[in-house]
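Number of protein chains: 4
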Amino acid sequence: MAVFKNKLKEQERELGFGSKNYAKSVRFLDKNGKVNVQRTGLGWYNNTDFYHSLISASLSKLILIILGTYVLINVLFACLYYIIGAQHFGGLDIPGSSKSQEFIGLFFFSAQTITTLGYGHIYPIGNAASIAAALESLLGLLSFALATGVLYGRFSRPKAHVLYSKNILISPYRESKGLMFRITNKKQYELIESEAVLTMTINNPETNKREFLNLKLEISRVNFLAMSWTIVHHINEDSPLFGLIKNDLLERDAEFIILIKAINDTYSQNVNSRISYKANDLIENAKFKHLSPEATKEGKLKVSVTEIHHYDLIENATLNQKPT
Amino acid sequence: MAVFKNKLKEQERELGFGSKNYAKSVRFLDKNGKVNVQRTGLGWYNNTDFYHSLISASLSKLILIILGTYVLINVLFACLYYIIGAQHFGGLDIPGSSKSQEFIGLFFFSAQTITTLGYGHIYPIGNAASIAAALESLLGLLSFALATGVLYGRFSRPKAHVLYSKNILISPYRESKGLMFRITNKKQYELIESEAVLTMTINNPETNKREFLNLKLEISRVNFLAMSWTIVHHINEDSPLFGLIKNDLLERDAEFIILIKAINDTYSQNVNSRISYKANDLIENAKFKHLSPEATKEGKLKVSVTEIHHYDLIENATLNQKPT
Amino acid sequence: MAVFKNKLKEQERELGFGSKNYAKSVRFLDKNGKVNVQRTGLGWYNNTDFYHSLISASLSKLILIILGTYVLINVLFACLYYIIGAQHFGGLDIPGSSKSQEFIGLFFFSAQTITTLGYGHIYPIGNAASIAAALESLLGLLSFALATGVLYGRFSRPKAHVLYSKNILISPYRESKGLMFRITNKKQYELIESEAVLTMTINNPETNKREFLNLKLEISRVNFLAMSWTIVHHINEDSPLFGLIKNDLLERDAEFIILIKAINDTYSQNVNSRISYKANDLIENAKFKHLSPEATKEGKLKVSVTEIHHYDLIENATLNQKPT
Amino acid sequence: MAVFKNKLKEQERELGFGSKNYAKSVRFLDKNGKVNVQRTGLGWYNNTDFYHSLISASLSKLILIILGTYVLINVLFACLYYIIGAQHFGGLDIPGSSKSQEFIGLFFFSAQTITTLGYGHIYPIGNAASIAAALESLLGLLSFALATGVLYGRFSRPKAHVLYSKNILISPYRESKGLMFRITNKKQYELIESEAVLTMTINNPETNKREFLNLKLEISRVNFLAMSWTIVHHINEDSPLFGLIKNDLLERDAEFIILIKAINDTYSQNVNSRISYKANDLIENAKFKHLSPEATKEGKLKVSVTEIHHYDLIENATLNQKPT
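So the sequence lines, in the order shown, correspond to chains U, W, P and C. Here the first sequence is numbered in the working numbering, starting from 3 and rising by one per residue. Here the second sequence is numbered in the working numbering, starting from 3 and rising by one per residue. Here the third sequence is numbered in the working numbering, starting from 3 and rising by one per residue. Here the fourth sequence is numbered in the working numbering, starting from 3 and rising by one per residue.
Honestly, the hints are just simulated from the structure, not real lab data. Just to be clear, a hint being listed does not mean it is correct.
For identical chains, the list gives no copy identity; a pair is met inside one copy or between any two copies.
What the hints assert, rightly or not - Okay, derived cross-link-like pairs now, DSSO-like style, lysine-lysine, Cα gap no bigger than 27 Å in a straight line:
| # | residue 1 | residue 2 |
| --- | --- | --- |
| 1 | K188 | K101 |
| 2 | K63 | K211 |
| 3 | K280 | K168 |
| 4 | K63 | K36 |
| 5 | K248 | K36 |
| 6 | K291 | K211 |
| 7 | K63 | K188 |
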């Protein structure tokens, strides 16, 4: 199930893999643009990329992981210090304190050591305690080096905050029709040199196999994504969509896969974004409404990005464009 | 209002968006090359990229943010410690000290904890105080990890220090004329493989709509940007500028949008730079002066980059180039 | 021994280098895709890139290096402090302690200083001790800055976790045969825009020289590497493999060199992967088995990546594809 | 003095800049591949990129800068603490200590504060001292964040360790001659997808102006740079070098500018390298010697990279290649 760029239809049929006709409930991409495949077979360790998992985990999950690791390591070192003996820690061995009090005190000593805080009201006495503390502070610094890397990697990761129109439309276009959707940039920084690729995956009723077809775009690259970009596939005689209506697409379980590639101007980094529309996201005989940017007092154009979702249904008779 | 690369004029008219004729005061790009659009509609949180804001904020603003956050967090923890009780902090509970004195003391203890300074002349006693301090030192390390990332991201961000000539000229070129501007590199490192794209946005008096037109460049790529690069659009019969004079461009509110892409040689990073000239930045019948680099004793060529702004007005009769 | 992209055979013969016929035991790439060349001649220092070595060392080796350096620096500073004199360190100069006890105490003081732990139960007295401690803490911070960089560089390094089929097959393909191998992505993140280049290096029995030949691929680029990708070179009359059987390839010591280039979608980074197959990795008259992904309850496709190794031997008679 | 890619000769003459005929002592690139231009005119601050300077400074210079800054900041804070008064620092105000002793003590306290070491045998008393210390520790953390960034940026900076042959040769090539030089990779990691561009800058005796001419390469890209790559410009009738001998090139002050672009395989980063040969680096009637790699016991090829400098002078009669 590799998706080919500019592949001939003929070639695909002969590749002999990935053309299985899955149940209709299976999407190729899920709603967030993630490829809907779970890879196994090498064991959990080899199928996981830990740095990647930390980078892309939710913020709350990351905080829990960090906090949990912090408590765990401190408990482990508290145990170690406890084994060494509370009497080897100055300022801790208060006469009359219970065993559990001692352990808690060693836990706090561990926390003060791993963060290199080192108040010093508790301090190691003797070789074993000093060696353990020296190792813990080294471990602390390396752990926080790792945490620094993960946090930096997380926040500096190139992201394409692309907003896609909720629906994909079949609109009047030139003398025939066009498949259209709109994208915009959600954030204040700029996306430049944006490129789009549109692929359709559909069951072929003749062969009962799944095909991946490239849909040619009228314009596949823009220099600026200042407001919005309507991406158009002309449904002419060369188009695999020619003559099909929504019901056909539903029946053949069509899925439209979109790849957007751009340069995040702030970091000069390439960013990628994906989405897929299923056939039931398709609206026939509809037309996107124009955006209505307003000029602010400061001479800026203010635009509400959610306007890209808006469309008008049109009657079949009015296939020619009217100014709005 | 997406700007298309190499788009046919015909196609644009049929896209049906972004061709609204805005008030003349609206620039597409502001003087610093920022796209003049403010995006709203998803709420402040979703329309903002915080890391990006910190990376691109002014230095003084960033210092204020860091200092403000530092004071705020210390005040919050001082409150927490105060609630726990000043008697749980050794070295602080000086007999006869006022409530406000205690609070200030806890504020300083907080500062010594969050930075992992930990002098130890004030130290936590008991579980509540120790837990709060352990958490604060963890928070401190993570915050400074974030600050490290922001500072690194800020300083290592690829930047193209391109200097543009103040004006864009219409000069004699070949047997006719050329639209010309000059760029140079302000800094000591090198920019290599520089590329330029020149787009004009102009009102079409016939349709009363705004058009975006690509202006073909004589040379659109240079290997080195050692001294300066004069970027030339030949105004021949194929040019949309053919036959237009400055007054026409003023009337039709022309704006020249320039995109420069290069590789910063030190970091091998792609960098981007943008600028726009309005019609009133245009000088007709003028010619850029040659730069006058001097050979230094060390065998280097010394050049003053501001010389790229200099031009000579020429009389109509002297359209042929003379050696200077 | 540079390998050329799309080079003509004729040109190679005339380049006059790198065509020496090495012993058969020499592989161009080793099993892990590393180029099998050891570069010398500039001295150990100039032929080594230390950052690179640290980044690509095994985890256990890196831990040893860090631990060893930590102990070494502390021993060196303990020596320095010992020379300055134990009497210049408060809290250490316990009456009756032996020389070696003093040294060990100074070692622990050094560890508490370089990590900026600073409990303070041992502290410097006088100028020499204070200066040494001030320098050690500076050195400590810079060292841990370096360690942070190495750890970050190590974990954020773009990696392509490509799994290659164990064998390269000669399978029925169209009306003739094809050279085929399969790749897949081991990890959960996505690889996009994958590209493959296949080169064969083989002894030319006529000239007794080694040649590098590009083998044309049916499809050399895929948008997604969702499940697996079977990379196919059609052995038709234009192929240098036309008419050769495994024994010929063994005799001429053929090696198939594969370069995979892709974009790691999480980081938007380019990643590279390499492998080589020797002639004895080749299986004639075999065909890859289809993968058998299962749809999970959550609507995901679950696939075991090790299935890409599986193939069926086929009898010569059954050269036409049968559905499996 | 911008150098154009694939520019027509005709175009260059008409660009009207950068064609000044400089003194012969002026090189376009210096021996290390740095562009030989010093940019001024915007003031020292605006013509300098500080991060870039720190990244590319020599190691000894960087250590001096860091050490100097460390001492300077500590002196400044010692002054501040001295103004606040030594009596506000516990553990310092030893009866009978001199003013200078106090200052030195405050200097050490500052060092313990800025590194967040905080032994605590000296500690701030009162608000002014505590505020100053809290600010210093914040400043310390931010400074070391900066230092971490600079060190990481420095060591992770993509570098192309390309070694160039000392000379550029005119060798027999095909039925005529070729301009040739060799490159190799000095380090153990791999360079892949290497590309070369060769430009000649030469005085045109007719116009007395300097021209930049692209010299076409036989092969301009290799997939691997495993051993060495001999880069060849065929001096045929289309070459601007056709019919010229070394004396002509010396007279016209020819300089050969080479740009190498590759991907450092460890980091998947693009790297760039440059060099220039002057006419007196040219050897006529010479031929590079073959490298002599040896197969090691481990099956590796061991090659001494400095062998790329070696060439044999050949007599005019023996223009045809002989096996060596």
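These are the hints, each one checked on the structure:
no., hint, in the structure
1, K188 to K101, "neither (57 Å within a copy, 49 Å between copies)"
2, K63 to K211, "neither (40 Å within a copy, 51 Å between copies)"
3, K280 to K168, "within (11 Å within a copy, 37 Å between copies)"
4, K63 to K36, "within (19 Å within a copy, 36 Å between copies)"
5, K248 to K36, "within (25 Å within a copy, 42 Å between copies)"
6, K291 to K211, "between (37 Å within a copy, 17 Å between copies)"
7, K63 to K188, "both (25 Å within a copy, 24 Å between copies)"
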